[in-house]
Amino acid sequence: MDNSRSNSFLRSREGVLTVAALAVLLAAPLVAQAAGQTYFISLASRVAILALAGVGLNLALGTGGMISFGHAAFFGLGGYVAGAMVFHAQEGGRFLGLLEGTQQALVSWPLALGIAGIAALFIGVISLRTSGVYFIMITLAFAQMFYYLGLSFPTYGGEDGMTLYERSTLGGLSVSGDLPFFFVCFGALLLALLLCSRLISSRFGAALMTARQNETRLATVGINPFPVRLTGFVISAMITALAGVLLVEQNGFASPSLLSWHRSGEIMIFVILGGVGRLIGPVLGAAVFILLETVIGGYTDRWQLVLGLVLLGIVLFARGGLVGLLAGRARHD
Amino acid sequence: MSAAFLLEQLLNGVQFGVMLFLMSAGLTLVFGVMGLINLAHGSLYMVGAFVCAWVAGATGSFWLGLPAGLIAAAAAGAAVEVLVMRRLYDRDHLDQVLATFSLILIFSEGTRWIFGNQPLYLNIPPLLSGVIPLPGDGGYPLYRVAIIAVGIVVAIGLYLLISRTRLGMQIRAGEADREMIGALGVDIKTLYTVVFALGAMLAGAAGALVGALQSVQVGMGESVLILAFVVIVIGGIGSIKGALVAALLVGLVDTLGRAFLPRLLTLVMPASDAGTTGSALASMAIYLVMAAILAWRPKGLFPAHG
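In the order they appear, the protein sequences are chains B and X.
Position 157 of the first sequence, counted from 1, bears residue number 156 in numbering that gives the first Met the number 0, the numbering being contiguous throughout.
Position 210 of the second sequence, counted from 1, bears residue number 209 in numbering that gives the first Met the number 0, the numbering being contiguous throughout.
Calculated directly from the structure, the hints in this document are not laboratory data.
Note that beta-carbon positions come from the ideal geometry of N, C-alpha and C, so glycine has one too.
Accuracy of the hints is not assured; some may be wrong.
Far from chain B, by Cβ distances over 10 angstroms, these chain X residues were calculated [stated by the list, open to error]:
(1) Leu38
(2) Ile70
(3) Val81
(4) His92
(5) Leu93
(6) Leu97
(7) Ala182
(8) Phe228
(9) Thr265
(10) Leu280
(11) Ala294
(12) Pro297
Quick list of simulated restraints, FRET-style, between CB atoms [stated by the list, open to error]:
(13) Ser1/X <-> Glu158/B: 23 to 33 angstroms
(14) Asn116/X <-> Gln32/B: 55 to 65 angstroms
(15) Leu166/X <-> Arg301/B: 11 to 21 angstroms
(16) Asn213/B <-> Phe4/X: 31 to 41 angstroms
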């Protein structure tokens with residue numbers, strides 16, 4: 000992105016909204032720390048992590064038009080691999096019989112992303128043969144396979160999941176405290192947002208968007224849509240996998256629920272709620288979803304009912320998601 | 000392993016397939032005619048089961064509960080169509096996913112509110128509680144045979160409805176070109192409501208019938224919903240025939256996988272692991288079948304439109 004374009008984005012309403020949303024997310028745990036409300040720090044970490052998962056999906060779904068209902072596969076796979084490395088470091092044994100465990104995040108996290116990327120390559124090659132609703136369902140099918148694989152892996156606790164007693168260390172840094180861990184999550188989110196904004200304004204991004212809008216046109220200018228989509232799908236999966244890694248590190252727990260179709264649905268909700276294809280959309284979507292869950296849950300046990308009604312109201316009456324509501328419709332839709 | 004056991008598992012597979020067909024027939028109709036992804040279809044299944052179990056519990060008669068369940072599911076379907084779905088037809092699939100996901104939350108929590116957290120139980124009616132003898136030494140529950148019979152009747156009925164009646168003609172025309180049949184004077188709003196209520200009633204029937212085989216609880220619709228989506232995608236979206244074939248395929252693969260994979264695996268691994276690994280592999284089997292079929296025929300077995 001050259002300077003004049005990035006300046007014009009930052010001066011647009013969407014740009015102001017983006018900066019403001021990130022500033023609030025960054026400030027919230029600092030205020031919470033000062034006020035002694037440490038619970039809100041881990042809540043903010045959760046928002047950042049789930050927003051990161053949404054940012055990943057948004058690249059495939061919003062930019063590339065690939066409606067994946069199976070991103071939980073990558074989310075969970077990332078989480079499980081990172082969790083397994085810590086698990087083996089604590090309990091002995093080797094990951095897949097090959098690798099010794101480690102609590103060094105600089106080793107285990109890239110490994111998790113790499114494995115998720117390979118899985119995405121494999122799933123993408125098959126799934127991208129289909130389109131429309133069939134694509135939605137075949138990605139769901141692959142995610143369900145990973146879910147049942149997770150259920151049947153006795154080494155990693157099967158249905159009960161596995162508990163990890165310590166977080167990984169990042170280089171020489173300990174991130175066991177709530178605030179340092181939040182900064183790691185926030186940093187990861189920021190990096191992913193920068194990566195996505197660079198990608199979107201690159202030649203590759205233009206090709207990916209054209210693959211969504213008009214496949215024939217892309218083929219006519221001499222670009223085969225398939226490898227473009229596949230690359231987008233893999234990058235998207237790896238970003239979501241990083242979110243899975245962070246969630247497992249935060250909770251110290253990995254279970255098949257990471258891989259369930261509810262998770263895929265939830266990540267998709269963040270993207271749609273925030274505004275499909277809008278850079279900051281998933282961040283707003285995840286933040287609003289988790290806030291609603293927490294706030295309504297504080298008043299009534301029937302929070303799911305209220306949450307359902309609120310979400311229904313948003314989808315029926317606020318088209319274009321929250322970003323659409325706050326910053327106007329996207330220019331090219 | 001006896002022949003009777005094999006026959007019993009085959010019948011179980013067919014019965015499960017029939018139940019999936021009742022679920023997916025409505026889903027594929029709604030999809031084919033209105034182009035709507037309805038994640039809340041499982042909630043209508045749940046409504047059918049809960050109302051049937053509650054009415055049967057209050058009156059002591061399954062035969063009052065069953066129609067009550069069907070009517071309640073159809074009414075809930077019609078209400079949802081008029082209040083929500085009608086606004087979603089011209090939206091993209093994503094908005095439909097979010098809206099119907101919200102409906103799942105509303106239905107699940109609403110049901111918990113009305114009926115409480117405890118599961119309800121529904122007894123098999125005395126008339127159908129017998130056992131049919133199988134060749135060899137086994138027997139097979141009459142109730143499950145009755146479910147299979149209901150499935151066959153519904154399949155034939157739907158075929159006649161769609162190919163022989165005026166309503167069926169309008170449904171087929173609606174799939175082909177909704178604006179044109181509107182221009183020809185068909186009241187398309189009412190048609191959509193009727194189709195949606197019909198699909199909801201079939202889902203409610205599946206729920207009510209299955210309610211006597213397992214406990215009736217919140218969330219029961221969700222695993223079935225995913226399987227129903229698998230069915231309509233394998234069968235080809237919008238095709239009732241495809242839904243029937245795919246439902247039987249999925250029902251048989253799933254049931255036979257669960258019955259025989261753990262046994263087969265004991266040949267290659269210790270029995271303690273074979274059980275869990277086998278049942279997990281069996282759960283994966285239908286998704287493997289689906290991925291293979293879609294990789295081979297990206298629009299399902301019986302694509303409705305070309």
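Violations among the numbered hints, reported as their numbers in ascending order: Hints 1, 4, 5, 6, 8, 10, 11, 12, 14, 15 and 16 are the ones this structure does not satisfy, whereas the remaining hints hold.
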